[in-house]
Amino acid sequence: MSPSANWRLNMNKRGQTTAMGVSELVEGYPVVSAPFGHALVAAGERNEKILGLTADLGKYTDILPFAEVFPERFFNVGMAEQNLIGIAAGLARTGFIPFCTTYCVFATRRAYDFIAIGCALSRTNVKIIAGLPGLTTGYGGTHQGIEDLALMRAIPNLTVIDPCDATEIAQATAAIAEFDGPVYMRLLRARVPVVLDPATYRFKIGKARLLRDGTEIVLLSTGLMTQRTLEAAIELASQGVSAAVLHVSTLKPFDRETVLSLLEKVPNVVVAENHATTGGLASAVADAAVDAGLPLRMKRIGIPDEFCECGSLPHLAQRYKMDTPSIVAAANAVLGRRRFSLAPVT
Amino acid sequence: MIETHPPHPTLPLDIPQLRRIAQKLRRHMLTMAAGKGQGYIGQGLGVADIMAALYFHEMKYDPHNPAWEDRDRFILSTGHYSIALWAALVEIGVLPEDELTQYGADGSRLEMSTLDATPGVEMTGGSLGHGLGQGVGMALGLRLAKKISRVFVELSDGELQEGSTWEAAMAAAHFKLDHLVAIIDCNGIQADGPMVLNMEPIAEKWRAFGWRTNEIDGNDITQIVGALHAARSATGQPNAIVARTVPGKGVPCIERCEKAHFLNLTHIDWNVAQRELEAQHE
Numbered sequence: 001m002s003p004s005a006n007w008r009l010n011m012n013k014r015g016q017t018t019a020m021g022v023s024e025l026v027e028g029y030p031v032v033s034a035p036f037g038h039a040l041v042a043a044g045e046r047n048e049k050i051l052g053l054t055a056d057l058g059k060y061t062d063i064l065p066f067a068e069v070f071p072e073r074f075f076n077v078g079m080a081e082q083n084l085i086g087i088a089a090g091l092a093r094t095g096f097i098p099f100c101t102t103y104c105v106f107a108t109r110r111a112y113d114f115i116a117i118g119c120a121l122s123r124t125n126v127k128i129i130a131g132l133p134g135l136t137t138g139y140g141g142t143h144q145g146i147e148d149l150a151l152m153r154a155i156p157n158l159t160v161i162d163p164c165d166a167t168e169i170a171q172a173t174a175a176i177a178e179f180d181g182p183v184y185m186r187l188l189r190a191r192v193p194v195v196l197d198p199a200t201y202r203f204k205i206g207k208a209r210l211l212r213d214g215t216e217i218v219l220l221s222t223g224l225m226t227q228r229t230l231e232a233a234i235e236l237a238s239q240g241v242s243a244a245v246l247h248v249s250t251l252k253p254f255d256r257e258t259v260l261s262l263l264e265k266v267p268n269v270v271v272a273e274n275h276a277t278t279g280g281l282a283s284a285v286a287d288a289a290v291d292a293g294l295p296l297r298m299k300r301i302g303i304p305d306e307f308c309e310c311g312s313l314p315h316l317a318q319r320y321k322m323d324t325p326s327i328v329a330a331a332n333a334v335l336g337r338r339r340f341s342l343a344p345v346t
Numbered sequence: 347m348i349e350t351h352p353p354h355p356t357l358p359l360d361i362p363q364l365r366r367i368a369q370k371l372r373r374h375m376l377t378m379a380a381g382k383g384q385g386y387i388g389q390g391l392g393v394a395d396i397m398a399a400l401y402f403h404e405m406k407y408d409p410h411n412p413a414w415e416d417r418d419r420f421i422l423s424t425g426h427y428s429i430a431l432w433a434a435l436v437e438i439g440v441l442p443e444d445e446l447t448q449y450g451a452d453g454s455r456l457e458m459s460t461l462d463a464t465p466g467v468e469m470t471g472g473s474l475g476h477g478l479g480q481g482v483g484m485a486l487g488l489r490l491a492k493k494i495s496r497v498f499v500e501l502s503d504g505e506l507q508e509g510s511t512w513e514a515a516m517a518a519a520h521f522k523l524d525h526l527v528a529i530i531d532c533n534g535i536q537a538d539g540p541m542v543l544n545m546e547p548i549a550e551k552w553r554a555f556g557w558r559t560n561e562i563d564g565n566d567i568t569q570i571v572g573a574l575h576a577a578r579s580a581t582g583q584p585n586a587i588v589a590r591t592v593p594g595k596g597v598p599c600i601e602r603c604e605k606a607h608f609l610n611l612t613h614i615d616w617n618v619a620q621r622e623l624e625a626q627h628e
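Going line by line, the protein sequences match chains E and F. To convert, note that position 229 of the first sequence is 229 in the numbering used here; the numbers rise steadily by one, no gaps. Add 346 to the 1-based position in the second sequence for the numbering used here, that's all there is to it.
Next up, chain E with everything else stripped away, as it sits in the complex (with noise of 0.2 Å):
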């Protein structure tokens, strides 16, 4: 599916802070409206098992779907994460599949320890979805999750995921909801666009896919990254660069096979990440290759080792250097190419 111009001008128009619960449309894809709260209605109809948790963020983690379709399977447990999980983890321990929902910086920090010691030591059967992944929201560093990923992927027995896009949330949401274990999954919410051909993509956890094959360099990314390095390889064609594009949705485990094999004949990479640079997919990236002994010539898009501005999406993406052209510039300056490089990469 190939980007529009539109989504261009749009990264370029100066904006301002959007009202949480308001989406940023991201403009030439189609979009589906909350991807996950409809595919967990359809697992919730298979399954009667599953069942649905929040706490206080029902509407804005588009889990009101099934709150309707299933009032008796819902249940909000008011602004209180470490009792969310821990309910959520008796209720495991009862047979039943709860999915909580919150957002990320309210899960994994607030909650830390009852991820850690009521799901993941103990291999109960929970979900946690979590909301406003990265800089999916302008409201700063209390409500971006920048380290989610590193926090999640540190724990013994999870399985992390970042999805792509509403193709990949429906998909991963009927995988995680027949899988035994505990997950944590990054949500994209509202109005999500969708990336990833339906018709033929398939998410299986653990499972990294090239969407796109080239020969001088890979852009490896995961979450709605994916959508930017997809734009960037068509850029990097037009400027005869041929980019291959490997998507790594599952975080952990980490599908070292598919990424080292891969980087074994194309050892030119951007990881590209919407989280820290650290602890996340570039850090997987560069152990899983340190680990193999395999020498690569590598550069990082995510967010530097600081908390974020407020501000419109679009601003944020170029003031952190994780917009399309970044990822173009960075391709470039790996390869050695400067004189196609759009903004300086550091």
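Calculated directly from the structure, the hints in this document are not laboratory data.
Derived, one-sided and incomplete: chain E residues facing chain F with beta-carbon distance under 7 Å:
1) Q82
2) A89
3) G90
4) R93
5) T94
6) D113
7) I117
8) S122
Which chain F residues face chain E? A few, computed with CB under 8 Å, are given here:
9) D462
10) G479
11) Q480
12) L486
13) L490
14) E513
We treat Cβ as the ideally placed atom computed from N, Cα and C, and that holds for glycine.
Add chain F to chain E, keeping to what the hints say.
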């Protein structure tokens, strides 16, 4: 006895029998602690009477099938009280008695702090403030599954300082979990010694959170059984039993130890301790 209570798979014991069981649990605990020179024997001895009443009178439980899905659940939120749980699980027949001396040994299932891999353990305790939340989840789950099983959660007075306990207390009242019973072991000690943060009035706090609350002497079997019976008839409200216990109860040389969370017992003569325990019961 209230007739609506589901039949117990084992015979509910009467008060004199429960006193003898509590004595046996204390014997098991001394066997575990003897020679260790350390441990949570103080807390364990303090809740022996509660454990006896739960496992041998109140709970619907099949020791031959500790995973029986219709069982009542007992959550030991204070995982470091494991010595009391191992004693109860040995006495009821879930764990073999000859494992007692393995308490805390490398590779043993009888850990100093509970892990849920050991049969009969409903939850990994130890990180305080987890038990009541998971108990609320279990109680909700059992109600959804249309089970008549109940959930008993032990927690401690020190643990009330964890905010998550009160998050769970709010939720239990909101969801009207009348088949949930919290037993708060108030022994007056926490990790740094006697209560470092005053939690009183404890019973009033639970009442204010919407719990039907009973305050008892947690070392008096008659009062424990009475409070558990009263909890059976609650409707629309969860139950709190505020149990005042004496750390080391039943063994004077341990009762006299400094009121500490983790007892240094190197000076204890375990033969004396055992003689004291037997003498107390006479």
